[in-house]
Amino acid sequence: MLQKREKVLLLRTFQGRTLRIVREHYLRPCVPCHSPLCPQPAACSHDGKLLSSDVTHYVIPDWKVVQDYLEILEFPELKGIIFMQTACQAVQHQRGRRQYNKLRNLLKDARHDCILFANEFQQCCYLPRERGESMEKWQTRSIYNAAVWYYHHCQDRMPIVMVTEDEEAIQQYGSETEGVFVITFKNYLDNFWPDLKAAHELCDSILQSRRERENESQESHGKEYPEHLPLEVLEAGIKSGRYIQGILNVNKHRAQIEAFVRLQGASSKDSDLVSDILIHGMKARNRSIHGDVVVVELLPKNEWKGRTVALCENDCDDKASGESPSEPMPTGRVVGILQKNWRDYVVTFPSKEEVQSQGKNAQKILVTPWDYRIPKIRISTQQAETLQDFRVVVRIDSWESTSVYPNGHFVRVLGRIGDLEGEIATILVENSISVIPFSEAQMCEMPVNTPESPWKVSPEEEQKRKDLRKSHLVFSIDPKGCEDVDDTLSVRTLNNGNLELGVHIADVTHFVAPNSYIDIEARTRATTYYLADRRYDMLPSVLSADLCSLLGGVDRYAVSIMWELDKASYEIKKVWYGRTIIRSAYKLFYEAAQELLDGNLSVVDDIPEFKDLDEKSRQAKLEELVWAIGKLTDIARHVRAKRDGCGALELEGVEVCVQLDDKKNIHDLIPKQPLEVHETVAECMILANHWVAKKIWESFPHQALLRQHPPPHQEFFSELRECAKAKGFFIDTRSNKTLADSLDNANDPHDPIVNRLLRSMATQAMSNALYFSTGSCAEEEFHHYGLALDKYTHFTSPIRRYSDIVVHRLLMAAISKDKKMEIKGNLFSNKDLEELCRHINNRNQLCFLQAAQHSQKQSTELFQCMYFKDKDPATEERCISDGVIYSIRTNGVLLFIPRFGIKGAAYLKNKDGLVISCGPDSCSEWKPGSLQRFQNKITSTTTDGESVTFHLFDHVTVRISIQASRCHSDTIRLEIISNKPYKIPNTELIHQSSPLLKSELVKEVTKSVEEAQLAQEVKVNIIQEEYQEYRQTKGRSLYTLLEEIRDLALLDVSNNYGI
Amino acid sequence: MAGLELLSDQGYRVDGRRAGELRKIQARMGVFAQADGSAYIEQGNTKALAVVYGPHEIRGSRARALPDRALVNCQYSSATFSTGERKRRPHGDRKSCEMGLQLRQTFEAAILTQLHPRSQIDIYVLQADGGTYAACVNAATLAVLDAGIPMRDFVCACSAGFVDGTALADLSHVEEAAGGPQLALALLPASGQIALLEMDARLHEDHLERVLEAAAQAARDVHTLLDRVVRQHVREASILLGD
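Residue numbers (our numbering), protein chains in the order written: chain S, 125 to 1183; chain Y, 1079 to 1321.
These are calculated hints, taken from the structure and not from any lab test.
A hint or two may mislead.
Said to hold, decoys possible - Below are the PhoX-like pairs computed for lysine-lysine, each with C-alpha atoms no more than 25 Å apart in a straight line:
{"hint": "1", "chain 1": "S", "residue 1": "128", "chain 2": "Y", "residue 2": "1125"}
{"hint": "2", "chain 1": "S", "residue 1": "488", "chain 2": "S", "residue 2": "500"}
{"hint": "3", "chain 1": "S", "residue 1": "407", "chain 2": "S", "residue 2": "188"}
{"hint": "4", "chain 1": "S", "residue 1": "766", "chain 2": "Y", "residue 2": "1102"}
{"hint": "5", "chain 1": "S", "residue 1": "818", "chain 2": "S", "residue 2": "849"}
{"hint": "6", "chain 1": "S", "residue 1": "755", "chain 2": "S", "residue 2": "766"}
{"hint": "7", "chain 1": "S", "residue 1": "226", "chain 2": "S", "residue 2": "128"}
{"hint": "8", "chain 1": "S", "residue 1": "1061", "chain 2": "S", "residue 2": "1051"}
{"hint": "9", "chain 1": "S", "residue 1": "588", "chain 2": "S", "residue 2": "943"}
{"hint": "10", "chain 1": "S", "residue 1": "376", "chain 2": "S", "residue 2": "363"}
{"hint": "11", "chain 1": "S", "residue 1": "1051", "chain 2": "Y", "residue 2": "1102"}
{"hint": "12", "chain 1": "S", "residue 1": "818", "chain 2": "S", "residue 2": "861"}
{"hint": "13", "chain 1": "S", "residue 1": "128", "chain 2": "Y", "residue 2": "1102"}
{"hint": "14", "chain 1": "S", "residue 1": "131", "chain 2": "S", "residue 2": "226"}
{"hint": "15", "chain 1": "S", "residue 1": "131", "chain 2": "Y", "residue 2": "1173"}
Given only the sequences and the hints, what does the whole structure look like? Please build it.
Rendered as structure tokens:
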């Protein structure tokens, strides 16, 4: 029988009035006690879990203990915990949903030995709150009362320990009932679990952080930052146009002051803002960190500021210089953060002296992140001294509005500062590349291919697939030593005289089932990373280098596209898509294929497939192959010409071949000769991609994965146009066609570097190519600017890119749809696909632009620095080189050094305010004076009246030195020592740099923009020389990141100099 | 403060009841001497008072008289002090009118109106706080019985709600205020006929059956209680009569 009681609540309304509410409260005689010792199990009607019977005592935490030490109570070692309902409600009301849910999950977890006892509904346990009794006291009293009841309910057979933080309660109840002990939590842990180290440590740290929080709340009355607005206000503000949403980008070179918010999607269309929004100062940035999605409020126009144009090393000379900044741009302040993009950061602890200067608070240490754009992080640790010489990973926990710096905690040690492995690990962590080996569960899904049980084509598949093994001559052309061959080609004459061109791509989806472990893993990796001394595969090597790799002379599954072409005009008449079985006859490398194409048959000896043949059949086969390559080239030329007509772009880029020796050391680095075969293969792949894109779009207009390359903003070309004007060229940027043409024309016969610099500037202006789902874009936006195609996707490298796997599945589904067959498996819906595209784009950008490209750059710099470190810049000849000015700033110039491929800044005004001047012998010195900047030149005038002018594209002599830094990577420093071009005095040096010059002269043009390269890649070239030197002294394999930007998006050569 | 948990993982509601349990019901018949019939009921903290006059001749306009049966006239009013915020006036607002109309429909279905052509039965309900309709119906049933007007059966009403996949019977004010779907059911328990069913929130069709069953079960429980009250009343009355 239920008993009715009334509970009177006094609530305070929002207006501040007190409201008296009467609520019913029903009590019952039997509440499940979940104890195996229960004398009337029938009445208690236990369902769900029981406490285990092998415990020595039951422990009942007080409400305060549950609130504060829940993390410790979660330890599976602690058994026999009874959570009272009163305590749970205290958590729910005072600690919020998150912690309450944690508690609920703990109670549901069958492995954990704890139960909830609904004491407030038990008629003997319920105690009404007395008049004037504080909530806390009543809660403690209720819990104690319930504990006593529980003890008697179990017939006094099990001692009960109630743990509380309330000293008074211990005094009052401690010895009231025999068998029910009341002690503090610390005391409990000490007495009952002296061996449970982890719990003790956690307990200490919780105590410490609580004490700190209390101190802090007392200390800090003044807030450092304004509070963030609540989410509803932000969302409403964005919708109404009052606020703007965007991604925060901190200027690396003025991290303290300047940050920009790049507008996102819809908001940029609505507002008439074209440029980014400047966030000036840390206060306006309001605790947001580089990469966060923030909401910005624009400041009134009279508070707008211009970005600083001067080169600077630290912010102090910013004010000193006092120059007029460029024209004001929209300026705003952050009012809220929509999405925090915190990741793991690599930091360096301050050295001993600095620690001492930080003074009183030795437990809290400000550490400096490796990335300039991240603010200092406050860590509380006692290991500061031992961690001093290490690179350390930390995580940010919180950033209160009362604190200048964010709070974080220490995660792990990477390695010693300056140690090669440590520095590489740093680069990897900073670019969020973390690749662990494939797990066992994933490997179990893989087919077996061992010498004992070789993999075979299964008969069922043989029936389903078209067999091309006998009928077609299939071959692949790849770089030398390539392991993962994912594309092969074939061409033949049909009976009616027409030609049949086939592109056969490895059938990865046959082995990778949707949503299998390996599929999920591949999706998160999204791509294969190629590093020089290591490679992080997207798929396990049994697939990537073996079963999916279309190697010569073995049967492999493939997905093929075959076009029937008119014999004369090469018009496409028919196209066939489907699954096939192929056997690649030849695995050619580019150079050999080119030789065959040129009619030079001597390379035959290099091709292993021809070795064991007798003269006659060899001759016949060779002729067949040569004909096929010739025909392919013909077709490719034709297709290319058609695309060129529409305005396909050629951009600056030099590709480099890497040759590794058997120890995986870099054996040689050869600039790839611009062979026509490259173009041929690339063209066939573009054709295949294009046709697949058309096919899947037709079949699934709302859920196909395509790749777009939006046209660039015209404003971004202004710098390019101005630079070209200085040299007397005109660049027409109105369309991709005119741009391509005018870039071709802008060629200075005396100075080949000019064209390269112009092309690299054009590359900078481009937007990135992106994957997208057709359901989320209008059809006009599908266009690919660089390739001049209306639809494009990635289909040809499923071994290396996850997007291609998705496209393969789409194509298979499209084929079965055509055959009116049921579509196997679920395709991604538009929404899921959009999500996936975002992930891959992110990964690509993160991993290539920042990881592959960035880490490449960073590691390159690392080696450059190591190279120059040993040299004394004053004496060493090699440290002096020729440089070209490619951009002008108010206090310096940006230089490109072709000899080493370095881009960097050189100051014309040093920190003491002295300017550079060049004497009659054209050697430079520092003298007091002033600088004047013009459109295309900068003039430095000394007080003596001497003046020297630097023009755009002038050649000067520079000295390269190293600026060492403890917390960050070392940087290269350039110093102009003469305004005359540098004469190379040493013949040996000329010899060394000759391959480079050759590679510059030979304008390597990768046909697709997709395959456009970075100017920086040239660097890799030079390092190779350095490697050999370096390796001699250190005798170990050097690390660099190379290669494989081949299939990247147009690279955003992110501007490092605050342009 | 986190949102209120209407049904805990252990299966308790906010006030300690389980999903199918009713609030405490207390009732008395014949509370007023002047009226033909009267009753007072408490369902938890909801308190309702009902009075019945009639059958008597039509008052006011004769045109309202029905040729073949009696006219049931219902009025609902709630005390101005009955809710959290004081009401302006006790009756005549839209909500009260609707409630009156619903009561009328319910009792037209239950009272054997054809026995009293051209006459009028007035039911006045005074109601206070929470779970309103059900308490009104139950009180009125008792009052009609007290007045000795022939009915087909008791009319027993109960509300039911739906939280986290469980149907809750007899919602309290807190549960009503949480905004979940709420269903009011008036049942003739002996025949199982439904006199009135009302719900104005969205509820998936799949769940309707369960919620309806919970409400019906609760209504049957109410019936046992009301039946006990009536028998008790009759016993007391007969003692007073000196049998």
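Pair hint residue 1051 of chain S and residue 1102 of chain Y, alpha-carbon separation not exceeding 25 Å: violated (97 Å)
Given hint residue 226 of chain S paired with residue 131 of chain S - CA-CA distance at most 25 Å: Judged against 25 Å, a Cα distance of about 28 Å means the pair is violated.
Straight-line alpha-carbon gap residue 818 of chain S to residue 849 of chain S, limit 25 Å: Not satisfied, since the Cα-Cα distance of roughly 41 Å exceeds 25 Å.
Hint consistency between residue 588 of chain S and residue 943 of chain S [alpha-carbon to alpha-carbon, up to 25 Å]: Since the Cα atoms of residue 588 of chain S and residue 943 of chain S sit roughly 13 Å apart, the hinted pair holds (cutoff 25 Å).
Restraint check for residue 818 of chain S with residue 861 of chain S, where alpha carbons must lie at most 25 Å apart: holds (23 Å)
Restraint status (C-alpha distance of residue 407 of chain S to residue 188 of chain S at most 25 Å): violated (37 Å)
Satisfaction of hint between residue 1125 of chain Y and residue 128 of chain S, Cα-Cα up to 25 Å: holds (15 Å)
Agreement of residue 131 of chain S and residue 1173 of chain Y with the hint, judged by alpha carbon distance not exceeding 25 Å: violated (29 Å)
Agreement of residue 1061 of chain S and residue 1051 of chain S with the hint, judged by alpha carbon distance not exceeding 25 Å: It holds: about 20 Å lies between the C-alpha atoms, which stays within 25 Å.
Straight-line alpha-carbon gap residue 226 of chain S to residue 128 of chain S, limit 25 Å: violated (32 Å)
Satisfaction of hint between residue 363 of chain S and residue 376 of chain S, Cα-Cα up to 25 Å: Answer violated: residue 376 of chain S to residue 363 of chain S is near 31 Å, above 25 Å.
Satisfaction of hint between residue 1102 of chain Y and residue 766 of chain S, Cα-Cα up to 25 Å: violated (87 Å)
This entry does not satisfy hints 3, 4, 5, 7, 10, 11, 14 and 15, going by the numbered hints stated previously.
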